[in-house]
Amino acid sequence: MKPVDYDIHGLVRLKVEGHSRFTVDAFNRPLSHFQVGPGTTPDIRVSIGAFRPDLADCANVDHKYYSRPGYLYFRDSDKGLAWEVEIRGLDDPGGLLEVRWNAGAGNRLHFPWILFPQMVLHLYLIIPLLELRLWQKGHFLFHAAAVEREGKACLIAGRGGAGKTTFVMDLLRKGWRLLGDDLVILGPGGALAFPTIEGQLEYFAAHRTTEELSLGAKLGLFSFLASGRRAPIPTAVSAAPGSLNLVLSRETAAPAALAGWDADMLASSLAANHLMERARYVGYRFSTTAFLDAYAYMQSGSGWGGYAADLAGFLRGLAGTVPFRVLEVPRAWDKRNTGVLLLP
Amino acid sequence: MTTLDYRLHDLLTLRLTHGGGPLLGHLLSRYAHYQVPASSAEAELSVELGSFAAAGPGCFRLDGFYRAGPDYLECAHSYKLARWRVAVEGWGAPRTRLRIDPNPAARMVIPGETVPSLVRWKLLRKGAVLVHGSAVEKDGRAIVFAGRSGAGKTITAARFVQAGYRFLSDDSCILAPGRVLSLIQPFTVRFTYDAGGLFGNPFTASQKAAILAKRGLALATAGRINLLTSLPPAQVMGASLGSEGRLHRFVILQGGDAFKVEGLSLDRAVEQTLLNIGFESRELTDYLDAMTHAFPGGPWSRFRADQQAALRACLAGVPLLRITVPGRYTEEIFGGIRAAVEGA
Numbered sequence: 001m002k003p004v005d006y007d008i009h010g011l012v013r014l015k016v017e018g019h020s021r022f023t024v025d026a027f028n029r030p031l032s033h034f035q036v037g038p039g040t041t042p043d044i045r046v047s048i049g050a051f052r053p054d055l056a057d058c059a060n061v062d063h064k065y066y067s068r069p070g071y072l073y074f075r076d077s078d079k080g081l082a083w084e085v086e087i088r089g090l091d092d093p094g095g096l097l098e099v100r101w102n103a104g105a106g107n108r109l110h111f112p113w114i115l116f117p118q119m120v121l122h123l124y125l126i127i128p129l130l131e132l133r134l135w136q137k138g139h140f141l142f143h144a145a146a147v148e149r150e151g152k153a154c155l156i157a158g159r160g161g162a163g164k165t166t167f168v169m170d171l172l173r174k175g176w177r178l179l180g181d182d183l184v185i186l187g188p189g190g191a192l193a194f195p196t197i198e199g200q201l202e203y204f205a206a207h208r209t210t211e212e213l214s215l216g217a218k219l220g221l222f223s224f225l226a227s228g229r230r231a232p233i234p235t236a237v238s239a240a241p242g243s244l245n246l247v248l249s250r251e252t253a254a255p256a257a258l259a260g261w262d263a264d265m266l267a268s269s270l271a272a273n274h275l276m277e278r279a280r281y282v283g284y285r286f287s288t289t290a291f292l293d294a295y296a297y298m299q300s301g302s303g304w305g306g307y308a309a310d311l312a313g314f315l316r317g318l319a320g321t322v323p324f325r326v327l328e329v330p331r332a333w334d335k336r337n338t339g340v341l342l343l344p
Numbered sequence: 345m346t347t348l349d350y351r352l353h354d355l356l357t358l359r360l361t362h363g364g365g366p367l368l369g370h371l372l373s374r375y376a377h378y379q380v381p382a383s384s385a386e387a388e389l390s391v392e393l394g395s396f397a398a399a400g401p402g403c404f405r406l407d408g409f410y411r412a413g414p415d416y417l418e419c420a421h422s423y424k425l426a427r428w429r430v431a432v433e434g435w436g437a438p439r440t441r442l443r444i445d446p447n448p449a450a451r452m453v454i455p456g457e458t459v460p461s462l463v464r465w466k467l468l469r470k471g472a473v474l475v476h477g478s479a480v481e482k483d484g485r486a487i488v489f490a491g492r493s494g495a496g497k498t499i500t501a502a503r504f505v506q507a508g509y510r511f512l513s514d515d516s517c518i519l520a521p522g523r524v525l526s527l528i529q530p531f532t533v534r535f536t537y538d539a540g541g542l543f544g545n546p547f548t549a550s551q552k553a554a555i556l557a558k559r560g561l562a563l564a565t566a567g568r569i570n571l572l573t574s575l576p577p578a579q580v581m582g583a584s585l586g587s588e589g590r591l592h593r594f595v596i597l598q599g600g601d602a603f604k605v606e607g608l609s610l611d612r613a614v615e616q617t618l619l620n621i622g623f624e625s626r627e628l629t630d631y632l633d634a635m636t637h638a639f640p641g642g643p644w645s646r647f648r649a650d651q652q653a654a655l656r657a658c659l660a661g662v663p664l665l666r667i668t669v670p671g672r673y674t675e676e677i678f679g680g681i682r683a684a685v686e687g688a
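Taken in sequence, the protein lines are chains A and B. Take 1 as the starting number for the first sequence in the working numbering and just add one per residue. Take 345 as the starting number for the second sequence in the working numbering and just add one per residue.
The shape of chain A in the complex, shown without the other chains (with noise of 0.2 Å):
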């Protein structure tokens, strides 16, 4: 397969080379939003497909992690998936990242993967080193949905579950442009799209009017992905921060807005989301960035030991100039109900 090559906003271009020809593009690219013609720089290159590391010079944490400066490789494993990577250019924030990244052909008979071989790729790699990236260029990847109108964001924090992606397609079907479903870019000049499900959303919006993935819907959308048919939905590049919704689960009778948040705490709530939203467990606990964490432990340098810090300053700033709103929200309830939202 020919590379692929994705721009973000001009603030980080991928280039992914050795994609398998046998997968299905909707399931595997999360990215596809981002694509563009071949011939630009990449910022970072992945390549996948079998490598042999140089592991010369190096440090060894966890008999897991080998590093020097700029270098890491490791190997990592989950739901039967087993992969090994290794990272170049760590130790320059403006240089090219190179990566390989490769994952026997055996994987391939594991359930999912043989669905979704890639999805790990960007889970545990591809997303991660966007996040550190574009923190390098002073902007966050930050877990929340995210959608425009008239160039003002609404945005909707929330836990897997809240009702983030209800709340997106309601606003759609009333006429709002979608920045993200469930990350989006927040920097300095406001928020930048980053759409990660289009195609999921393309087919809610053109064949259900609910957001229940029921048995049905489920093949439903597994055949629109599959047909590789397009409905597109309409979408924004950027926004000014117009509006921050954070919704919490409660079996309480109806939606309400709590009281008593100041911008210090929802600064710190929506931090601790973003945190958890890269907690992993498959027998022990780690984070899908531990990673960048064993690189910061053996080389110094790399300030990703300041991240959560850096975000959670970052956030504070924002609550407190952005009009917000902290909402429970029974869980049984028709969460198409997008009145209760605060918006712009």
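Just so you know, these hints were derived from the structure itself, not from any lab. Even for Gly, the Cβ is constructed at its ideal location relative to N, Cα and C. Do not take every clue at face value.
Capping the alpha-carbon separation at 20 Å, the derived lysine to aspartate or glutamate pairs in DMTMM-like fashion look like this [what the hints assert, rightly or not]:
1. A:Lys-64 to B:Asp-601
2. A:Lys-152 to A:Asp-182
3. B:Lys-470 to B:Asp-650
4. A:Lys-64 to B:Glu-624
5. B:Lys-424 to A:Asp-76
6. B:Lys-470 to B:Glu-588
7. B:Lys-424 to A:Asp-78
8. B:Lys-604 to A:Asp-57
9. A:Lys-137 to A:Asp-310
10. B:Lys-424 to B:Glu-457
11. A:Lys-64 to B:Asp-515
Selected chain B positions facing chain A (Cβ under 10 Å, derived; list incomplete) [said to hold, decoys possible]:
12. Glu-615
13. Leu-632
14. Trp-644
Here the structure of chain A is known, so what remains is to put chain B in place on it, guided by the hints.
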């Protein structure tokens, strides 16, 4: 029901209540060195094993795993066949209650991280930090060897004990303002190193056979089945068990190509140690992030900042060293470490 009382120095009283049953050995032996006669006073941390009812509907439900109430967190864990629920009550209170409700398969995994997570939390409430490092003491002067797994913490502590030091900890020790406190726990011997050679072969014939069998199993399964052997600390370290000392040197050990001793700035020592602790305390930080997400502003929201401040206070004014140790540990290396840390 059986009740066991423990006292970790003058810092924490711990009570374990359980109804018996299989596979509790590791949990029961973990703090055995600190067992005290049963007392009628309530413990600061009470660990109760057994079934409990789910919290009321007033709790926030976070992504299907957590239920969070004021000063209350419940978490439903599962891994393969194991299912267990954890509830923590009174995070910010003088007395904290931890309840664990495991199914039979989960009894093997409970001891893993949950109880130490809460011990870490309670110690920090008193300004003490659980540091991932071994420690030894002589004439009231304690030396801490922090490092990731495989860095040489255990072997270094063992050599110092053979040279006349008293043993304080193998894996984690407690740093409190002005002093280092012991945390003497059973030795867990992994197949990966030659434990017999390390400790001067204190093992019985049956222990040797068990270690050999587990090593064989690990080799036969390419490391997939990696069982540990637990040994009483007194058997390994003889009579030379200490209790506490003043922090004389703080050393970060790491693996590398050549033996090297470097001075370390306070900032870098704190950053590196916090990253190291971060790997060891994923479960606790996940719990605290869940609490922070729903109830920001409580003591759980300040954990990272509090831990950093406490660690900084403990390390300030103490000579800080980073020592690189090659894979093969020789007498010259031990001599080099000793020369580096014994100065006035």
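Going through the hints against the structure:
At roughly 16 Å between alpha-carbon atoms, Lys-64 of chain A and Asp-601 of chain B fall within 20 Å of each other, so this suggested pair holds. Taking the CA atoms of Lys-152 of chain A and Asp-182 of chain A, the gap is near 18 Å; set against the 20 Å cutoff, the hint holds. With a C-alpha separation of about 11 Å, the suggested pairing of Lys-470 of chain B with Asp-650 of chain B holds against the 20 Å cut-off. A hinted pair counts as satisfied when its Cα atoms are at most 20 Å apart, and Lys-64 of chain A with Glu-624 of chain B qualifies at roughly 15 Å.
Distance hint between Lys-424 of chain B and Asp-76 of chain A is fulfilled; the C-alpha atoms sit about 18 Å from each other, no more than 20 Å. For the hint pairing Lys-470 of chain B with Glu-588 of chain B, the CA-to-CA distance comes to about 17 Å; that is within 20 Å, so the pair holds. For a cut-off of 20 Å, the pair hint linking Lys-424 of chain B to Asp-78 of chain A stands: about 13 Å separates their Cα positions. Using a Cα cut-off of 20 Å, the hinted pair Lys-604 of chain B and Asp-57 of chain A holds, with the two alpha carbons roughly 13 Å apart.
For the hint pairing Lys-137 of chain A with Asp-310 of chain A, the CA-to-CA distance comes to about 13 Å; that is within 20 Å, so the pair holds. Among the hinted pairs, Lys-424 of chain B with Glu-457 of chain B is consistent with the structure: their alpha-carbon atoms are about 17 Å apart, no more than 20 Å. A distance of roughly 18 Å separates the Cα atoms of Lys-64 of chain A and Asp-515 of chain B; the hinted pair therefore holds under the 20 Å criterion. Restraint check, Glu-615 of chain B versus chain A: the minimum CB separation of about 5 Å is within 10 Å; hint holds.
Annotation: Leu-632 of chain B was flagged as interfacial toward chain A, and the flag holds, the nearest CB pair being 8 Å apart, inside 10 Å. Of the supplied interface hints, the one on Trp-644 of chain B holds, with its beta-carbon coming within about 9 Å of a beta-carbon of chain A, less than 10 Å.
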